[in-house]
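Participant: Could you put the whole structure together from the sequences, leaning on the hints where they help?
Spelled out, the chains give:
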Amino acid sequence: MTHEIYAFLRGPMVWISLTVFLGGSVYRLASMWRLAKKKDAVIFHYISVFYSLRSLLHWVSPFGSLNMRKNPAMTVIAFIFHVCLIATPVFLSAHVILVKESWDISWWWMPDHMADLLTVIVIGCCLFFAGRRIKRPDVRYLTSVSDYLILAAIAAPFITGLWAYHQWPAFSAMMLLHMASAEILLMMIPFTRLNHMLFFPFTRGYMGSEFGAVKNAKDW
Amino acid sequence: MTKHSVTDVIGIPDEGIDKGAEKLTPEKITRVIRKLLDEEGGARLKVYMETCVHCGLCSEACHFYLSNDNDPKFAPAGKVKQTLEHIIKKKGKVSVAFMKRACEVAFTECNLCRRCSMYCPFGIDIAYLMLFVRRICHRLGMVPQYIQDTAHSHSATMNQMWVKEDEWIDTLQWQEDEARDEIPDLRIPLEKPGADVFYSVIGPEPKFRAQLIYQAAVIMHAAGVDWTMPATPGWDNSDMCMYTGDQEMVARLKKVHFEAAMRLKTKRIVMGECGHAFRSVYDVGNRLLGWKMPPLRLMHALEFYYELFRDKKLTVKQKYEVPVTLHDPCNVVRGGGLHEMARHVIGETCTEFIELHPNREHNYCCSAGGGVINCGPPYAKKRVIGNRVKAEQLAAAKAKGAKTIIAPCHNCHGGLEDIVKYYELDMEIKFLGDIIYECIDKGQPED
Ligand code: HEM
Ligand code: SF4
Ligand code: SF4
Numbered sequence: 001m002t003h004e005i006y007a008f009l010r011g012p013m014v015w016i017s018l019t020v021f022l023g024g025s026v027y028r029l030a031s032m033w034r035l036a037k038k039k040d041a042v043i044f045h046y047i048s049v050f051y052s053l054r055s056l057l058h059w060v061s062p063f064g065s066l067n068m069r070k071n072p073a074m075t076v077i078a079f080i081f082h083v084c085l086i087a088t089p090v091f092l093s094a095h096v097i098l099v100k101e102s103w104d105i106s107w108w109w110m111p112d113h114m115a116d117l118l119t120v121i122v123i124g125c126c127l128f129f130a131g132r133r134i135k136r137p138d139v140r141y142l143t144s145v146s147d148y149l150i151l152a153a154i155a156a157p158f159i160t161g162l163w164a165y166h167q168w169p170a171f172s173a174m175m176l177l178h179m180a181s182a183e184i185l186l187m188m189i190p191f192t193r194l195n196h197m198l199f200f201p202f203t204r205g206y207m208g209s210e211f212g213a214v215k216n217a218k219d220w
Numbered sequence: 001m002t003k004h005s006v007t008d009v010i011g012i013p014d015e016g017i018d019k020g021a022e023k024l025t026p027e028k029i030t031r032v033i034r035k036l037l038d039e040e041g042g043a044r045l046k047v048y049m050e051t052c053v054h055c056g057l058c059s060e061a062c063h064f065y066l067s068n069d070n071d072p073k074f075a076p077a078g079k080v081k082q083t084l085e086h087i088i089k090k091k092g093k094v095s096v097a098f099m100k101r102a103c104e105v106a107f108t109e110c111n112l113c114r115r116c117s118m119y120c121p122f123g124i125d126i127a128y129l130m131l132f133v134r135r136i137c138h139r140l141g142m143v144p145q146y147i148q149d150t151a152h153s154h155s156a157t158m159n160q161m162w163v164k165e166d167e168w169i170d171t172l173q174w175q176e177d178e179a180r181d182e183i184p185d186l187r188i189p190l191e192k193p194g195a196d197v198f199y200s201v202i203g204p205e206p207k208f209r210a211q212l213i214y215q216a217a218v219i220m221h222a223a224g225v226d227w228t229m230p231a232t233p234g235w236d237n238s239d240m241c242m243y244t245g246d247q248e249m250v251a252r253l254k255k256v257h258f259e260a261a262m263r264l265k266t267k268r269i270v271m272g273e274c275g276h277a278f279r280s281v282y283d284v285g286n287r288l289l290g291w292k293m294p295p296l297r298l299m300h301a302l303e304f305y306y307e308l309f310r311d312k313k314l315t316v317k318q319k320y321e322v323p324v325t326l327h328d329p330c331n332v333v334r335g336g337g338l339h340e341m342a343r344h345v346i347g348e349t350c351t352e353f354i355e356l357h358p359n360r361e362h363n364y365c366c367s368a369g370g371g372v373i374n375c376g377p378p379y380a381k382k383r384v385i386g387n388r389v390k391a392e393q394l395a396a397a398k399a400k401g402a403k404t405i406i407a408p409c410h411n412c413h414g415g416l417e418d419i420v421k422y423y424e425l426d427m428e429i430k431f432l433g434d435i436i437y438e439c440i441d442k443g444q445p446e447d
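Going line by line, the protein sequences match chains H and Y.
By the count of our numbering, the first sequence reaches residue 220 at its end, each step adding exactly one.
By the count of our numbering, the second sequence reaches residue 447 at its end, each step adding exactly one.
Careful: at least some of the hints might be erroneous.
Claimed, not checked - Pairs of lysine to aspartate or glutamate, DMTMM-like flavour, derived with a Cα cap of 20 Å:
id : chain 1 : residue 1 : chain 2 : residue 2
1  : Y       : LYS89     : H       : ASP147
2  : H       : LYS37     : Y       : GLU50
3  : H       : LYS37     : Y       : GLU39
4  : H       : LYS218    : Y       : GLU340
5  : H       : LYS70     : Y       : ASP69
6  : H       : LYS70     : Y       : GLU392
7  : H       : LYS218    : Y       : GLU355
In short, the hints are calculated from the structure, not lab data.
Just so it is clear, the structure is predicted and the values come from calculations on it, not from any experiment.
Facilitator: Have a look at this one:
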């Protein structure tokens, strides 16, 4: 039984989750594009590549905006979080080897103790974000249950992965949970607030264009 | 600082909202909201609502939040939570009481100043979202009474203050007469075709601050500008309909304004020192009429003054010696990038300039903008309480010696006056035109 679940998560489910993630992302972007063409056609007249990039560049650089400088702790943690979040799964040796075995392509991978560290950092950041949601009255006010669920969904593959790698008790079950939770997370991206990954370039770019090209002002 | 109670801030009675609400039923609310979401709620609305990660990084951008002791209800995303978030989640099935509060939030707790868009990492446009709520309120017929009255005036008279056509012309002639005592050959040229400059003002100028028209005439005269004003509707560039959510009226108003300038075949429009009017003509009305940018060259007074000094059209006789500070109005700075030009003019006319902090694009709103001051006396106290940070910012400049606040915007002027009074700051507030008028060589005959 365990073996069958393993085979499913390791085989078809990988394809399903990748398809939902990529297909879902393309679908979300394309349908939003269509809606914009239909109801906010004006956006296309005001968006400017130059001013979008000018704003985006400031907002993807650590401390590139005044608000980031005013909240140094949040800035550092948020940047480290996003970097570790993406780097760990992509450059984990076990993942690279899996890909190599399946498709015979490979890239640089990081030493395992480094992956360990990055994993702990991601989990730590999730705890920090959760703590911030509880502690800061304004963030608590904005928070709904789904925000905690999203944090849990992000932490889950990292916690279970760490567990399985270190072969702590019941690690083979953890391995299954690791694969399942990672696949769920991937599929959540286009359809939850995690879609900020898809829309960030557009929302920021549009504001950058409005400020830059029309209002002659900076937006960072 | 003065103590106040919550009832000064939330649940303030307002005939416009209360009477409007009496006529509503939940069914009607749902119907109106669904129709509006369907017709006008496009990709921007959807993306903004779905992308917000509830991080609260926008909170500290908002003077209402900071001034109300970090009350989450006043955080920008908190205002969305109390309004659109619930409306969209419930697909418009919201109660009358809910809509009353939503109306209060959108009209009296947000100045649409867009400061928060510079603090949100995603650049989510909270002002756009609050305007969407106002649009819903407009369609539901629940708008604060005072501002709705100005919107009615706009639609009946094409100006904000129920000024009749002959009153307008009389006011200009009266100001011309007055000014001629000082400068005998001064004119306020009405209906002069082909003039270089079409000068337009906001409705309250002829009504309450006619001396500003006098001063503008003196500056035009001293600089030798070929200018004119229309004798027909279209002289008023102001626009409260932009803030009540009445976009149809905005388009009508701006059309009349642009067409007056075009009928006179003037080369450019110069507007008096008003921020919201600039937003309306430069950024909003033109779009509603289908122009990407205004159809003819448009200048806010700040840019015009800058040009006059740059081209040495004005000479300063005696600089203004009282130390000044500058309040950067949202709509011409964050909305027009005119901050360095304002500083240039101040450099030409004043001996000592002290910066406010924060400044330029990051300046705090006066809390009068976005039509909030136009919601009238019921909300005056709430508005000044909601901008304690402005008082602190001004007090810091005062401690460095600043005595005069230059506020090149009518709304800011009104808002700052109330703040200065309430917080007992004892500072004087002036338009940049007041300073220029005082300083320049007016070309009076020697006697
Ligand atoms: C690669 C493109 C991405 C960009 C540009 C991006 C950008 C951002 C930004 C600007 C924030 C706002 C607050 C902050 O700085 O923390 C944020 C928050 C967040 N992001 Fe991302 N993100 C990306 C991808 C992801 C992915 C793939 C995930 C998870 C699967 C994720 C999870 C989160 C979470 C959970 C928060 C909220 C933290 C909190 O609870 O306050 N992000 N992101
Ligand atoms: S008042 Fe200004 S900063 Fe506050 S929510 Fe409105 S637009 Fe944002
Ligand atoms: S900063 Fe932006 S994403 Fe964060 S709560 Fe405010 S509006 Fe939402």
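Participant: State for each hint whether it applies.
Facilitator: Evaluation of the provided hints:
1. Y:LYS89 to H:ASP147: Holds: Y:LYS89 and H:ASP147 sit about 16 Å apart, inside 20 Å.
2. H:LYS37 to Y:GLU50: At roughly 19 Å apart (the allowed maximum being 20 Å), Y:GLU50 and H:LYS37 satisfy the hint.
3. H:LYS37 to Y:GLU39: Roughly 14 Å separates the two Cα atoms, so the pair holds.
4. H:LYS218 to Y:GLU340: Satisfied, since the Cα-Cα distance of roughly 13 Å is no more than 20 Å.
5. H:LYS70 to Y:ASP69: At roughly 18 Å apart (the allowed maximum being 20 Å), Y:ASP69 and H:LYS70 satisfy the hint.
6. H:LYS70 to Y:GLU392: Holds - the C-alpha atoms of Y:GLU392 and H:LYS70 are around 18 Å apart, at most 20 Å.
7. H:LYS218 to Y:GLU355: With a Cα-Cα distance of about 19 Å, the restraint between H:LYS218 and Y:GLU355 holds, given a limit of 20 Å.
Violated hints are absent here; each numbered hint is respected by the structure.
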